[in-house]
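**Student:** Take a look at the letters that make up each chain.
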Amino acid sequence: MKIKVIVTPKNGVLDPQGKAIQQTLNSMNFIDVSEVRQGKYFEIETDLKDEKDAKKNVEDMCKKLLANLVIEDYKIL
Amino acid sequence: MKSSVIIFPGSNCDRDMDVALKKFGFKNKMVWHNDNVIPKSDLVVLPGGFSYGDYLRCGSIAAKSNIINSVIEFANKGGLVIGICNGFQILIETGLVTGALLRNKYLKFICKNIFVKANKTQNKYFNKIKKDILELHIAHNDGNYFCSQDDLNSMQDNDQIAVRYCDSNGEISENSNPNGSIQNIAGVFNKKKNILGMMPHPERVIDNCLSSNDGSYFFENLLSNMK
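From first to last, the protein sequence lines stand for chains A and B. Residue numbering for the first sequence follows the working numbering, starting at 1 and increasing by one per position. Residue numbering for the second sequence follows the working numbering, starting at 1 and increasing by one per position.
Among these hints, one or two may not hold up.
As the list claims (entries may be wrong) - Here's a subset of chain B near chain A, in silico, CB distances under 7 Å, partners left out:
| hint | residue |
| --- | --- |
| 1 | R57 |
| 2 | R103 |
| 3 | K105 |
Stated by the list, open to error - The calculated label-pair distances, taken between Cβ atoms and stated as ranges, are:
| hint | chain 1 | residue 1 | chain 2 | residue 2 | range |
| --- | --- | --- | --- | --- | --- |
| 4 | A | K63 | B | K191 | 18 to 24 Å |
| 5 | B | C111 | A | E35 | 27 to 33 Å |
| 6 | A | E45 | B | K27 | 44 to 50 Å |
| 7 | A | N11 | B | P39 | 44 to 50 Å |
| 8 | A | L14 | B | K120 | 27 to 33 Å |
| 9 | B | K112 | A | V36 | 26 to 32 Å |
| 10 | B | N225 | A | G12 | 34 to 40 Å |
| 11 | A | V36 | B | K130 | 45 to 51 Å |
| 12 | A | K56 | B | K120 | 46 to 52 Å |
| 13 | B | K40 | A | L48 | 40 to 46 Å |
| 14 | B | P9 | A | E45 | 23 to 29 Å |
| 15 | A | V13 | B | P9 | 24 to 30 Å |
These are calculated hints, taken from the structure and not from any lab test. Note that the coordinates shown come from a computational prediction; the quantities given were computed from them, not determined experimentally. A virtual CB, placed ideally from N, CA and C, is assigned to each residue, including glycine.
Extracted from the complex, chain B is given alone in its bound form (with noise of 0.2 Å):
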């Protein structure tokens, strides 16, 4: 399997990215975001950092660079693409998934460890993974996810929560919501399923000589499905 990960001006968890896919046996490329055209591939990721400061807003900028026209236009094809933390804010502002994230609820920059539910029913990114509670990473200044209830209502309806925050033991709360995220979401799907965008950083936690293994299962997972 191809995968490509989209280096901004920034970016700062690309190189993690890079080694946890290849560690789960894609064959990964890194492409600068002044390219056009993204190399053939089977998974697009947008990874973590502050791409361009985060000027005007976070991911704003990156979300008119020159490789952004083609990452639209490989989602739209039905492409795997998933934007992390940062690459999620891009995500965001390029449309490609609903919602903003703002400035963290107590205003405060987070970063540990958290846990989250993860929504397995359709998607590539989850529906196999055997653990119900993942415990993953975070590291954001705005992580604070914002959606009208409107919008809230139609990805209730077509299941494109992706991953929320909830307790060690699962559940799901105001004391378990880190950054004060709406419905303590962590990461939404678009309508299709095919464009992932959360906070949490699976790639930050893929060995047991790491904090936790938990990615290990979120990248075997995909990875199984796209074979």
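Same shape as in the complex, but just chain A (with noise of 0.2 Å):
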């Protein structure tokens, strides 16, 4: 089974990187961007059956390793 985990800046906290993407788009005349967070995407293959049980296990690989929570966030897609 693939689970699929976003990691995310959390609010508030500066993204440079989404600020430099957000300014080169608007002078790639994208002007309707107003702002840019970059992110991370993981798919998890497990071998556990139980979707719940899987989900379960990612979360906790979410708050022991693939997000640091003082700067993201994650979702469990």
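Make one complex out of these two single chains by using the hints.
**Tutor:** Spelled out as structure tokens, the structure:
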């Protein structure tokens, strides 16, 4: 089973890369773009058969390794 | 005094730290990250570099390596632990010190000498250093210190801000902030002040033939407190 996770910078945490991407998009005439936040996407292949168990396990992974909860939020899709 | 420098795959300031520690009289041992036990030490150093290629987040993979449990145990018993640059990032990822280190504000790898003001109250790292402003070296991409307002308040209350970026006159301002760190923070202590994490490299400036000799004050002071 594949579990997908998105990790993004928390609101209020400076995201210099997102800012640079936004400015570049603006300079490419995508003038509607007012903010970009850059995150990470994980696809985790697990041997667990039960989706609930698997997601619980992935949540543990997020807290312990995949995200730094001081600056990042995670979302299990 | 005995010290141990931990080597991770991708560490690149481990030898510099070894040279510095020995120059000032430490009996230093190099310890591989896959070992489980630190040799008997008075000081443990997590050196700078790019452990595990900075994958995931700087320091995050090293923070889960075999040796880290004994580093945490050593630190929790009050042992002196220093993390420089990537070592600071590793300390952050282990949770031994508070906060996070984000990408530098202007997205540039910064490699230059900077000036810092150190906190000299009740800690073994800077307490008796006579100079007020130290010229040290930084070389990092992710040194932009961040923590929540609550954490910042509590660290200020406990006097845990160890080092702040300033200019050559000691003025702490946005102009002397190389990477966007909140409050110009370049390094912090844990609550008990036995653990120091900082971005500047004292081990790179320990001789008059180098660009600065101010790192010497750091090592001399530390050693004098350990005798």
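**Student:** Decide, hint by hint, whether the structure agrees.
**Tutor:** Here is how each hint holds up against the structure:
Given the 7 Å rule on beta carbons, the hint for R57 of chain B holds: about 6 Å separates it from the nearest Cβ of chain A. For the restraint placing R103 of chain B at the interface with chain A, the shortest Cβ-Cβ distance is roughly 5 Å, inside the 7 Å limit, so the hint holds. Annotation: interface hint on K105 of chain B holds; nearest CB of chain A at approximately 6 Å, less than 7 Å. Between K63 of chain A and K191 of chain B the beta carbons are some 23 Å apart, a value that agrees with the proposed interval 18 to 24 Å.
In this structure the hint that C111 of chain B and E35 of chain A lie 27 to 33 Å apart at CB holds, the actual value being about 30 Å. Taken as a hint, the range 44 to 50 Å holds for the pair E45 of chain A and K27 of chain B, whose Cβ atoms sit roughly 47 Å apart. Between N11 of chain A and P39 of chain B the C-beta distance comes to about 45 Å, which sits within the given range of 44 to 50 Å. As the Cβ distance of L14 of chain A to K120 of chain B is approximately 30 Å, the hint placing it in 27 to 33 Å holds.
Distance hint check: the CB atoms of K112 of chain B and V36 of chain A are about 29 Å apart, consistent with the given range 26 to 32 Å. In this structure the supplied range 34 to 40 Å holds for N225 of chain B paired with G12 of chain A, their Cβ-Cβ distance being about 39 Å. Checked against the hint of 45 to 51 Å, the pair V36 of chain A and K130 of chain B passes, with Cβ atoms roughly 48 Å apart. Checking the proposed 46 to 52 Å range against K56 of chain A and K120 of chain B shows it holds: the Cβ atoms sit about 48 Å from each other.
In this structure the hint that K40 of chain B and L48 of chain A lie 40 to 46 Å apart at CB holds, the actual value being about 43 Å. In this structure, P9 of chain B and E45 of chain A meet the distance hint of 23 to 29 Å, their C-beta atoms being roughly 25 Å apart. Taking 24 to 30 Å as the suggested C-beta distance range, the pair V13 of chain A and P9 of chain B conforms, at roughly 29 Å.
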